[in-house]
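Participant: Chain residues, written in single-letter form:
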Amino acid sequence: MSSVTLRELTKQYAGNAALSLDAVNLDVAHGEFVCLVGPSGCGKTTALRMIAGLESVTSGDIEIGDRVVNDLSPRDRDIALVFQSYALYPHMTVFDNMSFGLKLRKVPKDEIKAAVTDAARILDLELYLDRKPAQLSGGQRQRVALGRAIVRNPAAFLMDEPLSNLDAKLRVQTRAEIARLHHRLGATMIYVTHDQVEAMTMADRIAVINLGKLEQVGSPRELYDRPANQFVAGFIGSPSMNFVPMHVESIDGGIRVVSAGGDMDVILDDVESAIIRSAGVSDVVLGVRPEHIDSQPRSGRGLQLRASVEVIEFLGNDEHVHLSSGSHELVAIVDARTPLTIGDSVTLSASIEAIHLFHPETGVTLK
Amino acid sequence: MSSVTLRELTKQYAGNAALSLDAVNLDVAHGEFVCLVGPSGCGKTTALRMIAGLESVTSGDIEIGDRVVNDLSPRDRDIALVFQSYALYPHMTVFDNMSFGLKLRKVPKDEIKAAVTDAARILDLELYLDRKPAQLSGGQRQRVALGRAIVRNPAAFLMDEPLSNLDAKLRVQTRAEIARLHHRLGATMIYVTHDQVEAMTMADRIAVINLGKLEQVGSPRELYDRPANQFVAGFIGSPSMNFVPMHVESIDGGIRVVSAGGDMDVILDDVESAIIRSAGVSDVVLGVRPEHIDSQPRSGRGLQLRASVEVIEFLGNDEHVHLSSGSHELVAIVDARTPLTIGDSVTLSASIEAIHLFHPETGVTLK
Amino acid sequence: NGPALAASKKIGGSVSIWAEWTSTEQQDFKAVLQPFEDSTGITVHYTGKGSNMDTALDAAVAGGSPPAVALVPDPGTLDTLAAKHAIKPLASIIGSESKNYGTAWSALATYKKKLYGIWFKAANKNTVYYNPAVFKAAGISSAPTSWSQLLTDETTIANGGTYAPVSLCTDIGWPVADLFQNLFLKLNGATAYDQLATHKMKWSSSAVTNTFAEMAQLTGASGANLLGGMKGALADGSWPNCTTSVFPASGSPTAAMVFEADFLTSNVPSNYTPGNGSSCTLSAKASPCYDTFNFPAPTGSAYAADIQGSGDVAMLLTSTRQSKALIKYLASPSAASIWANLGGFVTPNKKVALGSYPDSVSKADARALTSAKAFVFSLDDLQVGWEPALWADMLNVLQNPSASNVTTVEALMDTQATAALGH
Amino acid sequence: MTSVTAEGLKVGAPRASRQHGWWRRNWVSIAFIAPGIIWLLAIVVYPTIATVRFSFYNESATKFVGLHNFASVFSTDTILTAFKNNVVWVLIFPFFVTFIGLMVAVLTERIRWATAFKAIIVMPIVFSTTASALVWRTIFDLDPHVGVVNAIEQTVSDWFSTPGAYPLNSAIGQTAVSLASFNTTGAPGGALASKSAVQPGGTVMMGLTRISSATLQTLGAKTPVAPQTIAGGIAGVVWNDFSPSQTSNTTTIVSDEHGLPNLRLSLVNSTGSSVASTVTNSSGDFSFSHVAPGSYHVEVPASNFQTSFVGTFWLGSQSITPASGLNQTAQSLLSVPLIDLAMIISYIWIWAGFAMVLIGAGLAALNREVLEAAEIDGATEWQTLRRVTIPMLAPVLTVVFVTMVINVLKVFDIILNMAPGSSQGPATTLALSIYNDGFTGGIHSGVASAIAVILFLLVVPVMFWNLRKLKGGSA
Amino acid sequence: MTIDAPVKENRVGGLAKRLHLSKAVVNVILALVAIFWLVPTISLLVISLRPESLFGVSGWWKVFTDPSQLTFGNYSTIFSQGFATGGVLDSLLTSLEITIPATLLVTMISCLAAYSLVFGSWRGRDMIFFGIVGLMVVPLQVALIPVVQLYREMGNLFGLNPYGTIPGVIIFHVAFGLPFGIFLMRNFLTGIPRDLLEAGRIEGAGEWKIFYRIVLPLALPAIASLAIFQFIWVWNDLLVALVFLGGNVHSPLTIFLYDQTRSLAANYWIVSTGAVVSIFVPLIVFFSFQRYFVRGVLAGAVK
Ligand SMILES: Nc1ncnc2c1ncn2[C@@H]1O[C@H](COP(=O)(O)OP(=O)(O)OP(=O)(O)O)[C@@H](O)[C@H]1O
Ligand SMILES: Nc1ncnc2c1ncn2[C@@H]1O[C@H](COP(=O)(O)OP(=O)(O)OP(=O)(O)O)[C@@H](O)[C@H]1O
Ligand SMILES: [Mg+2]
Ligand SMILES: [Mg+2]
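For the protein sequence lines, the chains are A, B, C, D and E, in the order given. Each step along the first sequence adds one to the number in this note's numbering, with nothing skipped, and position 187 is 187. Each step along the second sequence adds one to the number in this note's numbering, with nothing skipped, and position 23 is 1023. Each step along the third sequence adds one to the number in this note's numbering, with nothing skipped, and position 110 is 2110. Each step along the fourth sequence adds one to the number in this note's numbering, with nothing skipped, and position 257 is 3257. Each step along the fifth sequence adds one to the number in this note's numbering, with nothing skipped, and position 163 is 4163.
Note that these hints are calculated values from the structure, not bench results. Possibly wrong hints are sitting among the right ones.
One side only, chain B facing chain A, incomplete, derived with CB under 7 Å [said to hold, decoys possible]: (1) Gly1138; (2) Asp1167; (3) Ser1219; (4) Tyr1224; (5) Arg1226.
Computed spacing ranges between beta-carbons, pair by pair [said to hold, decoys possible]: (6) B:Lys1103 <-> A:Ser351: 54 to 64 Å; (7) A:Asp344 <-> B:Ser1308: 17 to 27 Å; (8) D:Leu3067 <-> E:Thr4085: 42 to 52 Å; (9) E:Leu4070 <-> C:Pro2358: 29 to 39 Å; (10) E:Thr4085 <-> C:Arg2367: 32 to 42 Å; (11) B:Leu1211 <-> A:Gln12: 24 to 34 Å; (12) E:Phe4064 <-> C:Thr2281: 27 to 37 Å.
Restricting the straight-line Cα-Cα distance to at most 25 Å, the calculated cross-link-like pairs of lysine-lysine (DSS-like) are [said to hold, decoys possible]: (13) B:Lys1103 <-> A:Lys169; (14) D:Lys3063 <-> C:Lys2084; (15) E:Lys4062 <-> C:Lys2285; (16) D:Lys3063 <-> C:Lys2112; (17) C:Lys2088 <-> C:Lys2351; (18) A:Lys106 <-> E:Lys4062; (19) C:Lys2285 <-> C:Lys2088; (20) B:Lys1367 <-> A:Lys132; (21) A:Lys109 <-> E:Lys4209; (22) B:Lys1169 <-> A:Lys169; (23) C:Lys2363 <-> C:Lys2373; (24) D:Lys3222 <-> C:Lys2136; (25) E:Lys4023 <-> A:Lys132; (26) E:Lys4062 <-> A:Lys103; (27) B:Lys1169 <-> A:Lys367; (28) A:Lys113 <-> E:Lys4209; (29) C:Lys2030 <-> C:Lys2350; (30) B:Lys1367 <-> A:Lys169; (31) C:Lys2200 <-> D:Lys3222; (32) B:Lys1169 <-> A:Lys213.
The beta carbon of each residue, even a glycine, is placed where N, CA and C say it ideally should be.
In isolation and in its complexed conformation, chain A is listed as follows:
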C-alpha cells in the first residue's frame, strides 16, 4: 500500500548492447492500478523485475513509499510478483506453493489454511491442492502462480501477464477477482498484459512502453481517444488503428488531405488546418480505428473511403473486414449482419472526430 515511483530508470543487461529500459519515469500512486503494455521485448518484465528488486539498477532510482529501494533486497520491499514463467516450486504441492510465503511470515496454521482455501476457491484450484506443478495443466500452473501472490497481503502487486494462459471465461472471472482484490486491499498494482481488454477494463492508467522507452501514460480513455503519437495510437485498440499516408493539399482557405490514389480524402476545418500548417508538413499520416469506420457513405465532413473487400473474418456478432483501398490495406469492424461479400466495391466513411493525423516523421499526434 505504497506508491511506486521510477525515476530515469535504466537497465542494460550484460551482453546486450541495447538498453532494455531507457530512462523511464513513472509515478504509480498509492492504491493505483497501472497496466504496462508494449510490444514483446519492450522491457515490461524488466521493469517489474527491477521494481521487485530482482535485477540491479543500471541507473536511476526506484522508490517505494518514500524510500529509495535500489539497494533493498526483494523481501524487504513487501511486494508480490507473479512471474511470467510462473516459477513454481516443483517440489511442493499446490498448497505448499501457495502457503510458502505465509509460512515464512509465521502466520498461524489455520489462517494460512483459510487464506489458501479461499484463493484456491477463487482460482478454481480446490481439486488440485495436493498436486505437484508437474501434474498440472498450463493454465492451472498459472493460477497457482497467481494464487501465491494473492494469498499474501503486500504493499504492491506486480503481475506479469498473469492471465495469458487462461481461457476466456476464467480470464473474465479472474480479472474480476483481481479487480475486487485491488479494491478490497487498496493495493498498488502494476500489471503487465498484452490483452487490450484487460488493460482497458482494469487499469486506472495505462503505461505504454516501446523499445524500453515510456511512450505515454494515461487513463484508458485518454490513450484511446488522444494517443500522444502514432505508436500509442497503433498499439491501443484491437484490431489496431489503420494508418494511411496522406498528402496535404491546400484548398480554398482550408486544408484537404488525400491519399495517393485519391481513394480517401478528408477536409479539415480551420483550427485543424492551422495546426497542420504550423507543423509545416506536406504529408501526414491519417489514422482511423477499424471500429470507427462506417459501412455507409456519409454526407458531410469526414473521411470518405472507396475500397474493395478482400477478407471477411466472422467473429460472432461482428465481422472484421479487410479492405484494400488503392495501395493501402485497412480493416474495418462491421456488424455481422451487414451484407458484404468478398470482392465487393464499397464506399465507407468515418466521422471527422474519429480521424487522427500524425506527423509523418516523428509520429507525434497533430490532430
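Chain A is fixed; fit chains B, C, D and E with the ligands onto it per the hints.
Facilitator: Frame of chain A; chains B, C, D and E with the ligands shown alone:
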C-alpha cells in the same frame, strides 16, 4: 499433410483418478485447421501430446494418414509441436533452436539458413538469432518456439497456445502468418487457444472440450449460432452468453418464459412452444449474448428486460455494461456513445432470433 | 619370568608403544609385553602401524603426541629423530643392558656419539630357504656351501624337470636388491659394501658388474632357473607369493628354494617342521620340512661370515617412569627370549641364549647373526630418495643381464645416486 | 568552495551507500561460503603452500636448492615414465569412464531392474582399492588356472593349435632340452637332433632332460632298454636322462630313468630332408626299417614340445607401442606397457559407477519437455543424446570428467596394489612417484613436492577449460 | 475379444515389434554389462569364502565345480575378536563415528558454498571456484605432516590438539572432501532456474530459507550422490586414520583389517573377507539414497 483421427481416445495419468481425456472422437481432415478450445485443465494439451506421441494412449486409437500410430515414436509421426511451455533448447542460440530439426534432416546449409531467416523475419526475431533463450523476453521465447515449428514442413502442426504471450499487434500479425502458412503448405493444423478471436478467425472447425469430453465440433459460425448445449454456448463468445433460469408459463396456445422476478420475459411462437412442450420441462435456461442485447426497448416479439446499471467498462468503441435484473447479473455490450450512467434503470431488449433456450438439467439446446 | 623383572616393584600407570608389527607378529610382541605388564602393573598400549610406521611416527612427532616408545625398521629414522631431539639418549636409562649388543649394532643406534636405540629384533638377510624334500628328489642330499655348488645344484634340479630350482621373489625389486646385496657382500666384503652404500664406490665399478654377472648365472639364461621362467618370476614374484611355491600349504611344491631374510619363517605354513630330516616329504599333507642355508660365498672367500641384515630399533620418545622401565625391559634378554621362544624371531641381543630358540633353523640363524664377522645394514634402505629407482634398476638388470644393458643401468644408477645423495 | 563540497557530497553519497549496500546484499553469500573457504585455507591451502615451498628445498627441507628438484624431475627417466603413464591414463580413462557412465545412466532409465543394475555397477566403488586391485590381479593372472582372462585365452587358443605330448611345463617354465651329448638345434622347445650321424643298421641313443615326472606319469613311461640293431633299419631309444640317484651319469641308461613315449621322430637325410617318421612306444624305443643307405640324423621335431597357450602377461611391462630399439629416455616416453591397459580397465570398473550415479543425478534434473521437443524435431535417440541431452548435462559431465582427470592425475593406489613389482616401475605415475619418493620410509619433501607442484600446474588448463565451458553453457 | 485380435495384429505392423526389440536389446546389453561388472565382485566374494591355502593355486571359479572348498574360516578369523575394543564391531562403530560426521559436514558445507558461488552476486566467484577446483589435485599425502603440525599449533594456542582424536581425522577428511563437493554442487546448482529463488526471495524468504526450503530439496539427487561418495571414500580410508589417529585405542574398520594382514604384504584372503564385510554399510547407504534419484525434479517449475 495427413488427416488426423482420434477414436475413443482416452487418457488417464498415473496418480490422477479423473480421466484427462475421455473417449474423444475427432476427425481432422487433411489440410484442415481445427482449434481445440476448452477451460483450463480440460485436456487440450493432453490431446496434443498424445497425438504427438509424447503420452501413452490409455485406450482408443490415433490415426495419422491411415496408419494407427499409437505405438509409433514421435519422430516417426512427422508432426511439429509448439509446446505450451516453449521447451526451447537452453544451450542453443535462437538460430540453432530453429534450425535443429532441419539439421537433423540433413537439409543443405543454405536452405536452412534461408528458412530460418525467413521465419525470423516473420516472427520479428532477426535481432535475436544469436541469443540464448535465457536472454529473451517471454514473448520472444514463444516466438522462437513457434519458429522452430514453422521452419519445418511436417504433415501436421500441433500448436499449444502459441500466441498467448504476444501483444495484440504481434498476435494479429502472427495469426495472419500462421493462416498464410496453413494455406501455403496445406498442412493439417490442430491449434489450442483460449483466444476467442483466434479460434473464430482461424479455425475451419472448432472443437470444444470440457472435462476431457468433446462437447461439440463445428464451424465457428455453427458454434456461435447453434451451440449444442449450454456449455458450448457459454464458452464460445466473449464476454460469454448471459444465462437466466426462467419459468415456463402456458399462455393462450403458446408459451411464455419468464424470470423469477418477472423482470424478463419472452413469448415463444408455435414451433418453439411445441419443442418446449415435448421436452416436458417446466423450467428452462435462457441464454442471450451480451452483444445481442439492444440498449433500446423493442416493440414486437423478443426479450424484454428491465435492469439497473451496475458497472460500466470502457473499451474504446464499446462498453461492457454489467446489469442487475432481479437477482440476475447480465452483461451487455453497447456502443460507447450510449448515454448510460451507473445506477440507471433501463429497459433493454433482444430479438427473438438472439434468444437461446437450454434444458435446465442436461443443458441441451432446446432453441 | 626373568630375575630382572622380579626386582622391579609395581609402578602402575600406562605407556604407549608403536611398531610395525601387526597380525601374528603383533600377538607375539604382546606376549613379550605381558610379563612386563604383570610385574610392573603398567598397562602397555601397543599400536601396530605396518608399513606406514615411519609416516605415522613422523606425524605423531609433528602432532606433538608421539608414543612413548617406538620401534622403527631403519637407522635413518633414528638419526633424523635424534637430530630433531625427538628421542632421548638411552645410556643412563638402560645402564648395563646396553652392553648386550655388539659394537656393530650399537654403532647403528648411535647418533653424535650418544646411544639412542636398542635393536630389539634383527633380520638376517643372508638366509636361503629351501625345501629339503625337493632337493632330495633331485638327488641332492645337503645344502650347498659354496657359490659354485649352488649353481651346480640349480642345474641338477632343473634337469630333473619337475621342480624349478629357484622361486625368485621380485616384487617391486627389493628382494632382488637383497639378492644383489648378498652376492655383493659375499663377493666383495663389508668394506666395499659400505663404500657402495655411501656411493663412495661407483655403481659402474667392476665389483658391481661382476656381481651382476654372477647373479645372471644364478637366474640362468632367460630365467631358466627361475620358477615360471623370467616372465613367471616377474608376474608371480610378489611377496609373499614367491614362498608358497616352495612351501605350499597344500599340494606339492614347484620350486626348491627361495632367497629372503629370516622373516620368511612366518610365511611358512605351520605344518612344516624345521630341519632336514629323513622323514621330510614332498607332500604338504604328510610331513613337509623347511630348512635354510647361509647364502654361500665362493669357496675360500674371506667374506663367508659377513652378514647383511636389518632390524627394529626401539627408541624412547617421551621419558616417563613407565616408558623408561619399558625400554629397559626391551633391552633386557628376558624380553627378547620370550619372542625367540615363540619362533620367527632373532635378536642381536648377545645375552639371549641360543637355547631360547625353538628349533634348529632359528638357532642357526641366531648363531649366524651373533657370530657375524661383519654386519651390514640393508643397502637399499640407505639410499634415501632413490630407493624405488634402485629397485627398478635391479629388476631391469635381472631381466636383461646383457653386458650392454648392465653398463647402461649402472651409469643410470650413478646418476640417480648422485642426484639423491649429492655426490 | 561550498558548491564544491556539495558536489562532492552528491557524488560521494551514493557511492558510500552502494558499498554499504554491497555488504548488505552479499553478507549472507559470504557467510555461506565462509566455512568452506576457511576450512580449505587451513587444511588444504596451507599445506599446499608448504608443498610449494618444500619443492624448492632439499629432501630434509633444510636447504634452499632453487629449481634443482624440478630439474631432476625432468631429467629422471623414471619420472618421465611417470609423466607418460599419466598422459596415457588421462587420455583413455576419463573419457571411457564418462562415456560408459553416461551410456549406462541413460540406458538404465529404461529398464525395470534399474536399482539392482545400479547397485551392481556401484559396488566396486564400495570396495577398497586394495580389494579391487586384488581381484583384478587374479583376473589377469598369468597362470590360466588362476586368471580368468588367460583361462579364456587358453581355451580359445587350444581350439586352434593342439599342444604336443611334451608341452612346456608351465608350473616351472621349462621345456625339454637335450643333454650336451645330443646336440641341440634351435632354442629350448625347438627341434632336437641326434648329434652324430647314423647309417642304416646303426642305433641311436637320445637322452633328453627337463621332462616333468608328471608328464611321464601321464604318458605311462616305462623303463627304457638299450636298442637292438636291425638290418637295413635304424633303431634307437629316447629317454629322460635324469636320475636322482646318479645325477652325474649322462651317458648310460640308469634303472630309475624312463623312456619317452609318444614322441614323434623323423629321420633326416644328409640333405636335411625328412625321409621317414615314427612315434616312440612306451619305453621310448623306436625303429625305422628299410632305410636306404646313407647317413642320417634322427630328429625330435619341435611340435613335440609345442606348448599349450602360456598366457598373456597382462600385468607385464611389455610395450604395446613399438618402442624397442629406442634409447632409455625415448622408451620411457613412448612405450605403453600392457599393464596400463589392464589397470585402466580395472579402474574403469571401479569408477564407472561414480560416473553413472552423478550423471543419473544430472539426468534427473533435466527438463523432459526439451528432450521431447528434440524427439518431435525428429532426432533419433542417439541424436537427442548427443545434441540435446549431453549439452544440457554439460555441467555434470564436466564434474565427472574433470574429477576423473584429476583422479587419474593422482592415481597410485591401484598401481601400488595391482601391478606386480616388476611392472611398477614401467607403470609408475606421478602420484606413485610422490608416494614412493616422499612417503615410504618416512616423509621426504624435495622432489616429491616438486612433482606435486607440477601435478597442480597440470590441472590448471583443465580448470580453465571447465570454467570457460560452464560460462558458455548457462546464462 | 476374438474380433479385436486380428485388428490389433494388423495395425502396428512390425513397428511395435521393433520397439519391443529395442527394449530387449537394451536389456541384453545391460545384462551383459552387469555380468562383466559382477564377475570381479563375485570372485572377491568367492575368494573370501575359500581357504587361504587355495589362493593363487587354483582359480576361484573352481568352487562352482567343487563347492566343498567353501568355508567361513576367513570370516570367523575376522569376527573372532567380537565386541571387545579392537574387535571388528568396535571398529565398525569407530568407522561410523568418523564417516557420518565427515559426510554430513562435507555435504552441508559444500552445498552452502556452492549456493553462494552460483546464486551469490559478489565478485570473484569464478576465481574462488577456480581455486577450489585446483585444490582437488592436491595429493593428500603432501598435506599430512603440515596439517599435523597445524594441529599441534592449535593445541599450543587453544589447548585443543585434534591430533590423535577422531575429530582430528574428521577435520582432515572434510577438508579433502570439500573441493570435490563444492565442484559437484556448484555445477549441479547451475541447473536450477533462478526464477525459483527469486520467487522465494519475493515471498520474503531469507537466503537461508531459500537455501534449505527451495534449493536443497531440488538438489537432492546431487546431494545424495555427494553423500554416497563422501561416505564411501571416508569409509574406505586407511591412510588418514593411520596417520591421524596415532595411538587411539579405537580404530576404524580399515585399520582393523589392515591389522589382520602381515607387516610385509597383504593377506589377500583376509583383505577380500574384509572388503566383503566392509561394503555392507556403504551399500545400505547407497540403497537408502537411491530413492532421491527421481526423474524430472524440476518439472513444472518454469515455462
Ligand atoms: N502429469 C500429470 N499427472 C497427473 N495429472 C495431470 C498431468 N498432466 C496434466 N494433468 C491433469 O490433466 C488435466 C488435463 O491437463 P491438460 O494439460 O491437458 O489441460 P489443458 O487443457 O492443456 O489446460 P490449460 O489450458 O490450462 O493448459 C488437468 O486437470 C491436469 O491437472
Ligand atoms: N538476461 C538478459 N540478457 C540480455 N538481454 C535480455 C535479458 N533479459 C531480457 N533481455 C532483453 O531485454 C529486452 C526486454 O526484455 P523483457 O523481458 O523486459 O521484455 P518484455 O517486455 O517482458 O517482453 P514480453 O512481452 O515478450 O515478455 C528484450 O529485448 C530481451 O531480449
Ligand atoms: Mg515479459
Ligand atoms: Mg495446456
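Participant: With reference to the structure, classify each hint as holding or not holding.
Facilitator: Here is what the structure says about each hint:
1. Gly1138: OK, holds: Gly1138 of chain B within 7 Å of chain A, min 4 Å.
2. Asp1167: Status holds, d = 4 Å.
3. Ser1219: 9 Å, violated
4. Tyr1224: With a minimum Cβ separation of about 5 Å from chain A (threshold 7 Å), the hint on Tyr1224 of chain B holds.
5. Arg1226: 12 Å, violated
6. B:Lys1103 <-> A:Ser351: 54 to 64 Å: Because 56 Å falls inside the window, the suggested range holds.
7. A:Asp344 <-> B:Ser1308: 17 to 27 Å: 42 Å, violated
8. D:Leu3067 <-> E:Thr4085: 42 to 52 Å: Cβ of Leu3067 of chain D to Cβ of Thr4085 of chain E: about 51 Å, so the range 42 to 52 Å holds.
9. E:Leu4070 <-> C:Pro2358: 29 to 39 Å: This hint holds: roughly 35 Å between Cβ atoms.
10. E:Thr4085 <-> C:Arg2367: 32 to 42 Å: For Arg2367 of chain C against Thr4085 of chain E, whose Cβ atoms are near 41 Å apart, the range 32 to 42 Å holds.
11. B:Leu1211 <-> A:Gln12: 24 to 34 Å: For Leu1211 of chain B and Gln12 of chain A the Cβ distance comes to about 48 Å; the hint is violated.
12. E:Phe4064 <-> C:Thr2281: 27 to 37 Å: 32 Å, holds
13. B:Lys1103 <-> A:Lys169: Answer violated: Lys1103 of chain B to Lys169 of chain A is near 42 Å, above 25 Å.
14. D:Lys3063 <-> C:Lys2084: With Cα atoms ~16 Å apart, Lys3063 of chain D and Lys2084 of chain C stay inside 25 Å; holds.
15. E:Lys4062 <-> C:Lys2285: With a Cα-Cα distance of about 21 Å, the restraint between Lys4062 of chain E and Lys2285 of chain C holds, given a limit of 25 Å.
16. D:Lys3063 <-> C:Lys2112: Roughly 21 Å separates the two Cα atoms, so the pair holds.
17. C:Lys2088 <-> C:Lys2351: Holds, at roughly 24 Å.
18. A:Lys106 <-> E:Lys4062: Distance ~68 Å between Lys106 of chain A and Lys4062 of chain E Cα, so the pair is violated.
19. C:Lys2285 <-> C:Lys2088: 51 Å, violated
20. B:Lys1367 <-> A:Lys132: Violated. Lys1367 of chain B to Lys132 of chain A sits at ~43 Å, over the 25 Å cutoff.
21. A:Lys109 <-> E:Lys4209: 18 Å, holds
22. B:Lys1169 <-> A:Lys169: Within the cut-off at roughly 22 Å; holds.
23. C:Lys2363 <-> C:Lys2373: 17 Å, holds
24. D:Lys3222 <-> C:Lys2136: 22 Å, holds
25. E:Lys4023 <-> A:Lys132: Violated: Lys4023 of chain E and Lys132 of chain A sit about 30 Å apart, past 25 Å.
26. E:Lys4062 <-> A:Lys103: 65 Å, violated
27. B:Lys1169 <-> A:Lys367: 23 Å, holds
28. A:Lys113 <-> E:Lys4209: Given that 25 Å is the threshold and the Cα spacing comes to 21 Å, the pair holds.
29. C:Lys2030 <-> C:Lys2350: Measuring from Cα to Cα gives roughly 22 Å; hence the hint holds.
30. B:Lys1367 <-> A:Lys169: 23 Å, holds
31. C:Lys2200 <-> D:Lys3222: Measuring from Cα to Cα gives roughly 61 Å; hence the hint is violated.
32. B:Lys1169 <-> A:Lys213: 18 Å, holds
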